[in-house]
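Residue numbers (this note's numbering), protein chains in the order written: chain A, 1 to 99; chain B, 1 to 538; chain C, 1 to 256.
Heads up, some of the hints might be wrong.
[Unchecked claim] Under the rule of at most 27 Å between Cα atoms (straight-line distance), these lysine-lysine pairs were calculated in the DSS-like manner: (1) K337/B x K419/B; (2) K489/B x K22/B; (3) K8/A x K130/C; (4) K419/B x K489/B; (5) K130/C x K42/C; (6) K22/B x K42/C.
Since the hints were made in silico from the structure, they are not lab data.
Given next are the chains, with one letter for each unit.
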Amino acid sequence: MSAHVAPKSLYYTIFAALMVGTVLTVVVAFFDLGFLNNVVMLGIASVKALLVILFFMHVRWSTRLTWVVVASGFFFLMILFTFTMMDYLTRGWLVGTLR
Amino acid sequence: MEAPALNYLNNGHGAASWLLTKDHKRIALLYLASITAFFALGGFFAMMIRLELLTPAGDVTSPEMYNRMFTMHGVVMVFFFLIPSIPAVLGNFLIPIMIGAKDLAFPRINLLSWYIYVLGGLFTLVAALSGGVDTGWTFYTPYSTAAANSHVITAAVGIFITGFSSILTGLNFIVTIHRMRAPGMTWFRLPLFVWAHYATSLIMILGTPVIAITILMVAAERALHLGIFDPALGGDPVLFQHLFWFYSHPAVYIMILPAMGVISEVVQAFSRKNIFGYSFIAFSSLAIAVIGFLVWGHHLFVAGQSTYAGLVFSVLSFMVAVPSAIKVFNWTATIYKGSVSLDSPMLYAFGFLGLFTIGGLTGLFLGAMGLDIHVHDTYFVVAHFHYIMVGGAIMGYLGGLHYWWPKISGRLYSEPWAKLSAVIVFVGFNLTFFPQFIAGYIGMPRRYHVYPPEFQVLNVLSSAGASVLAVGYVLPLIYLTYSIFAGAKSPADPWGAKGLEWEIPSPPPTENFGITPIVTHGTHQYAPRIEKKEVGVV
Amino acid sequence: MSDGHTPSEHYPGPVHGVPVHAEPGYAGLSGQVHGHVPHHPKLQHHFDDMDQQVEASTLGMWVFLVTEIMFFGGLFMAYLVYRSAQPDAFQEASAHLSIFWGGLNTAVLIFSSLTMALAVRAAQTSLPPKVQVGWIVATMFLGSVFLGVKVIEYSDKFRESIVPGPYFNAAMWTHPTGVEMFYSLYFIMTGLHALHMIIGIALMAVIAWMAWRRQFDSSYYTPVEVSGLYWHFVDIVWIFLFPLLYLIGRHYGEGH
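Please model the entire structure based on the sequences and the hints provided.
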């Protein structure tokens, strides 16, 4: 079989990057950046996920079909999120606040 | 060519050879048996509904029992009949053959999916026998989570489990169609039946998990007080509806796309003509699958969803009708100037064309938010979805079952009886459901066991139609079963149709093809009509 | 029907194509009983070759993971709705989760993804079974550590009555209903994740046993690869769960 064999050093590098990302996430959480807090945290989480997907899960060296399958999963998840939030954000009243 | 003595039906005897089979064809028959049983159960509940609605008063069942009747009818018919029907029976049987493969990609997972289906069905059966669920098949919160005192969790678990059967089937089909095609079987040489099932499988994969988690949340709220939808905790019952319909709307496309695949095949075979607009039909299947995920909010127009969201969902709902319409135009163009023979599968196809069109157009009525406000939760909606699901999907299922029956069983059924049944089904169906459009439009609400006397005539017509329809469904059960024992042996290609499945014996051998076929052209090559415009030359 | 056709038809004749492997006792259409091309012992016979089997298996696991994305996605959806509706309550609730345990668990899972990747690599490069099993067991161990920490966290919550339902101690909160909602989501999300973890560890036990029985080398390691995909996915879910549950509004400090 002609699968790509990644060097161990690559795995260690990714591992280090993931650990750094985790520490960064925790540290940033203690600073008040307003709404950017969420952006940064989700951004770092997304990068970490991407690293795991690309390198630990070998998608970097996989077929285009695999890429499409992975991407479509997240794409349809985004559809669920955005269309539902479209409802909640345009209701004009907050959900569930017992005021 | 005569069928060899050994085929998938007699290759191995005894219960174990069937219950532990890895042959996709045998698994298809396992599914056929179980979904027929569930169809009968769902039909029983339908009979109770129509019996009660014969008179304005509530004299057959108590109100609580009536709620359980329509709930169980919906649950059984949607989750245990319609969603599996064509994919699990015809899809399982035909897809490997149509692409030139020996089996699906994961035969053991295929068998597992049947066992999962049966397990889920048993849970639901237990729920039914213990008194049923009364929430409606839609399980809306907060009734289902807080107030209902029926067997919600048992039924929910049954549906949850069966959802995995659907997921595994879709997974199997996707991998099979991508990776198991015979040499030369390019995407655009695939039968449209395969395209339809590919699109269906996409929906199964992407949508079913969402209803699974939603059911889990309902069960968690009921059992563990984890109140995700509980207004007392700031929860929103409408969130349940969003999550529920995110799956359940695409689910209706799971029900109809395979039927459309059947119609594409049947229409070609019985017009003796290649499909008009092959790529349009292929791409429209994908379009339906994708756009179908963008319209679920049209079930929430009056639920408390924002008007703005309603607007967006309404526009998208109009858009999703377009690929369906494209298919209808292309099927019609295929039949036009074809050499049409009115064999029973074609009768079902014609029925489908008319009834699906009506059902689809009334869907557009409902997609218009302004009109939906008036007919929401009336019999207009009930009639609409029965036109699609019964007039569309079930017609497609029966048409496909008849078309491929000689291949599956190796026997020919009685064509006169089949034609009669098709007509009875068509007449019975319209008598049952057309009056419901009228009843709903003039105001009769759905899920009511009593109604004002002015609706009685329409309800009596509907119940009468249901009896006729029942006859139309029982007849095939009889003559198809009879054909297994006493029908004439079928040749490989009884209809004179084109496709890989008609080139192997009826019934097929276990491994389908003795030798891997090498495909050199599209599978449907009906002889083109030759227009002779000679002048003076013989 | 298939005899006498030229190779350009669907049935090219007995010369081309892959002969069928007959089931015992079945003669097959062409009369062959048991003649077939030599192949890897792990090749399943509905596949043409190992490459096709590997590709199908990997694609199958990826499609399954897509269903898992949508499965967890429903919970993230609920979280999204309620956090945007009740940010203060969610903040208050999140502050009572321990960053130490959550952060430790995150590190543990990331580490386990490393050991998993190395386990796959060990099989892929035909390293001795001992080495393969070693990495797999390390992964299992780290997964168990994760679960142990979850037990600690859960029992802390039970002790303090921070559990939704009849025993919820509303008095200790400024926003009791929103906090109860947060913890409903917390328990369902982390509970479901933990269940996937348990399944993953069980899966790894099976893989470890197979590796111990010398079944994996560079010509066949698909089960390890495919189980690895599942394991990494469970890690990715936690990568998102950790900041979303543990790190809401920490900059306000405790007691805001």
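Hint by hint, here is what the structure shows:
1. K337/B x K419/B: Judged against 27 Å, a Cα distance of about 23 Å means the pair holds.
2. K489/B x K22/B: It holds: about 26 Å lies between the C-alpha atoms, which stays within 27 Å.
3. K8/A x K130/C: Satisfied, since the Cα-Cα distance of roughly 18 Å is no more than 27 Å.
4. K419/B x K489/B: holds, 20 Å
5. K130/C x K42/C: Roughly 21 Å separates the two Cα atoms, so the pair holds.
6. K22/B x K42/C: With Cα atoms ~17 Å apart, K22/B and K42/C stay inside 27 Å; holds.
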